[in-house]
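Asks: Sequence:
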Amino acid sequence: MQQLRKRFFGNTMEEEVIEIGSPFAAKRVILLHGLTGTATVIRPVAEYLYRRLGESYSFILPTAQIIKVKQFNGEPVHAWFDVKSSDFRREVDVGGIFASSDRIASLCLVLEKVDS
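The sequence shown begins at 1 in our numbering and counts up one residue at a time.
It is worth saying that the hints were derived from the structure and are not from the lab. Computed from a predicted model, the values in this text were never measured in an experiment. Mixed in with the good hints, there may be bad ones.
What the hints assert, rightly or not - BS3-like, lysine-lysine: derived pairs with alpha carbons at most 27 Å apart: (1) 68 / 84; (2) 70 / 84; (3) 27 / 113.
Let the sequences and hints guide you as you build the complete structure.
Replies: Following this line, the structure appears as structure tokens:
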């Protein structure tokens, strides 16, 4: 049976995390949305995978924080890191990539504590 749990870490919608499946599933997969997306956007993909792979899987869908993206003239959007240029080799937001990586690692630790 599919379960949908929405969790909020913090006080804002940008901290939304959707989990599809059991928190006690043997295999837990984290799916990350693309630039300007949210957990809700990638939810149909997780639901499809859940139906195909079965109850031994659960899917965790975090939403990126809202940041100003240079490539979009500084507009605030959901993004895992800043996109500073269309040439990714020229300007890379290494700090933003590491910050998102740390955020996902923290989320894993929180989920492990909450669900154990």
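Asks: The structure should be examined with respect to each hint, and the outcome stated for every one.
Replies: Against the structure, the hints come out as follows:
1. For the suggested pair residue 68 and residue 84, the alpha carbons sit about 10 Å apart, so the restraint of at most 27 Å is met.
2. With a CA separation close to 5 Å, the supplied pair residue 70 and residue 84 stays within the 27 Å bound.
3. Among the hinted pairs, residue 27 with residue 113 is consistent with the structure: their alpha-carbon atoms are about 16 Å apart, no more than 27 Å.
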